[in-house]
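Undergrad: Residue numbers (my numbering), protein chains in the order written: chain L, 1 to 315; chain U, 1 to 235.
There's no promise every hint is true.
Okay, the calculated beta carbon distance ranges per label pair [as the list claims (entries may be wrong)]:
1) L:184 <-> U:192: 42 to 48 angstroms
2) U:195 <-> L:169: 53 to 59 angstroms
3) U:46 <-> L:173: 26 to 32 angstroms
4) U:98 <-> L:267: 18 to 24 angstroms
5) L:287 <-> U:21: 23 to 29 angstroms
6) L:253 <-> U:25: 35 to 41 angstroms
7) U:25 <-> L:307: 41 to 47 angstroms
8) L:182 <-> U:148: 34 to 40 angstroms
Partial selection, computed: residues in chain L whose CB lies under 10 angstroms from chain U [stated by the list, open to error]:
9) 63
10) 77
11) 120
12) 291
Derived from the structure by calculation, the hints contain no laboratory data.
Computed from a predicted model, the values in this text were never measured in an experiment.
Virtual Cβ for every residue (Gly too), placed ideally from N, Cα, C.
In case you want the letters, here they are:
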Amino acid sequence: MIIKTKKDIPGHQITDPVVFMQRRKIIKALFATMLGAGISPSWADNKAWGDIKPADLSAKALTPTPAELIKNHTNYYEFSFNKTDATSLAQNLRTDPWSIEISGEVEKPGIYYLEDVLAQQNLQEYIYRFRCVEGWSMVVPWIGFPLASLLKKVSPLSTANFVKFTSIYQPDLMPMQLNHTMLEWPYVESLRIDEAMHPLTLMAVGLYGDILPKQNGAPLRLVVPWKYGFKSIKAIVKIELLKKPPLTTWNKFAPNEYGFYANVNPAVAHPRWSQSSERQLGSGFFTPRRQTEIFNGYGEQVASLYSNMDLRHFF
Amino acid sequence: MVFRLHSLWHYTIVACLIPLLGLFIDIAFDNLGANPIQALHIRLGDWSLRFLWLTLAITPIQTITKWRGMTDYRQLLGIYAFFYATLHLLAYLLLDHALMWRIIGIDIIESPYIWFGLLTYSIILLLALSSPKWAKKRLGKSWKKLHRFIYIAAIATIIHYYWQLKGNLAEPLFYLIMLILLLSFRFSVWFKQRQFNKLMIPSGKRVLVINTNPVEIAESSPEREVLLQKMEREP
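Full structure from sequences and hints, please.
TA: In structure tokens:
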């Protein structure tokens, strides 16, 4: 398959190389500090993500949103409806040790320790756009590996049509799970197998050269950059390959508002609000909103997955 | 006494500006979180809603406490509701959309929750314009009818609030309950009044009562309260 690279990036979005190199240095310094403090979990190897190279698919020219914003603006409803409160509450999450159950239509089902999974994967940096269904967006420098390369290791059967992901269930630490608030817990998401196998689709374990913060979905989350953020499920404990599509959390909660596909599409409004534009985190007052792009700007790579589909119907 | 009331009036004017001062402080100290534009926008909307609710609370408070000196304060709070709603609208147009009219147009057309916000704003704009004493005099009886539209504005406000949310519904629920209480108070007064009218006019026979002498009604009688309600010029 030929993966086309990103089209022209406007000049103002290109990071000054000097700034870029400074940032590398700062990240490395932060990293050294973290290692010195000995807080590296067992599934991160002892160099952690020391020597990460940018992936070919990474939008290297995009300026990532400042880390402080990415780390303090999360929708983690298991902990809180408040995007800032989730940061401190999520620190309680137990992520070490961590294992992932892979089952269903695969030749090699099993329970895999995260460290064993990571030992087999080539971690790279992927700078992707991230668009929330609420109308805000950011540019995130993820560290991770393609989901496809994980799935290939367990050899999906030809009957595997969908991939279902399940988040961690720790009601003693997650107030919304404990009180059965709003959504049905644990959180469930799903992709069609061709979406799951697409090279843009990631399993992320890091952010900004560092281990993924807990509020951002540590230790292992999905990243599907052409879909609304709620598809990119956090803290994954189970991956099932299925013949039929499962019911997913938001789709079940409000099927007319949150579709199974949830592809970013400025032409298809949410029933209660427009999706034509987005507020980029980090942009200042009086800055216009960014005009949302079809498939969040990844149309060249993914539009062919949906040819002959009515995107208004399959929203 | 006159002087004290006078200063209370001034204190109120200043106190109603404290939320705005708080916002400026939060902007100066970068306290508005990762999405400061949205945070500021929402804060202004919240304060507009709160002032609208306070405006609606004045009549019930007057009725319950039997203190009738609050009409001016109702006008003041109503104007502050309009003031914060104006800032809320300006924040949307200027801070968030930088006057990109094409995107604003699409946003409004595709976002039903904004329709309700605009409905509220149109109503309270009219109410603010017709709030000066001379306007009240000129409009006469229709002034009261016009200002009853505040109920529609309040209902549109709560829809505007609910329809934009994805997660937490606890906060709008609080305001919804408050609104239901404020409106049901008026309904119960209207209902009592209707019952009272039925008592005054025996069924089957309409009579016109013209009374040139003031009617003495005992302080304790329930009818007294209903009559006072009827005499109130404003909603």
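Undergrad: For each hint, tell me whether it holds in the structure or not.
TA: Okay, the hints, checked on the actual structure:
Between residue 184 of chain L and residue 192 of chain U the CB atoms are about 46 angstroms apart, so this pair conforms to the stated range of 42 to 48 angstroms. Between residue 195 of chain U and residue 169 of chain L the C-beta distance comes to about 57 angstroms, which sits within the given range of 53 to 59 angstroms. Separation of residue 46 of chain U from residue 173 of chain L is about 31 angstroms and conforms to the stated range, judged on CB atoms against 26 to 32 angstroms. The beta-carbon spacing between residue 98 of chain U and residue 267 of chain L, approximately 22 angstroms, falls within the hinted interval of 18 to 24 angstroms.
For the pair residue 287 of chain L and residue 21 of chain U, the beta carbons lie near 25 angstroms from each other, so the given range of 23 to 29 angstroms is met. For the pair residue 253 of chain L and residue 25 of chain U, the supplied restraint of 35 to 41 angstroms holds, since their beta-carbon distance comes to about 38 angstroms. Here the CB-CB span from residue 25 of chain U to residue 307 of chain L is close to 53 angstroms, at odds with the stated 41 to 47 angstroms. Restraint check, residue 182 of chain L to residue 148 of chain U: a C-beta distance of roughly 36 angstroms satisfies the suggested window 34 to 40 angstroms.
Hint status for residue 63 of chain L: violated, given a least beta-carbon distance of 16 angstroms to chain U, over 10 angstroms. A distance limit of 10 angstroms between C-beta atoms decides the matter here; for residue 77 of chain L the minimum to chain U is near 6 angstroms, and the interface restraint holds. A hinted interface residue such as residue 120 of chain L counts as satisfied when its beta carbon comes closer than 10 angstroms to some beta carbon of chain U; here the least separation is about 35 angstroms, so the hint is violated. The beta carbon of residue 291 of chain L is positioned within 10 angstroms of a beta carbon in chain U (closest approach about 7 angstroms), and the interface hint is therefore held.
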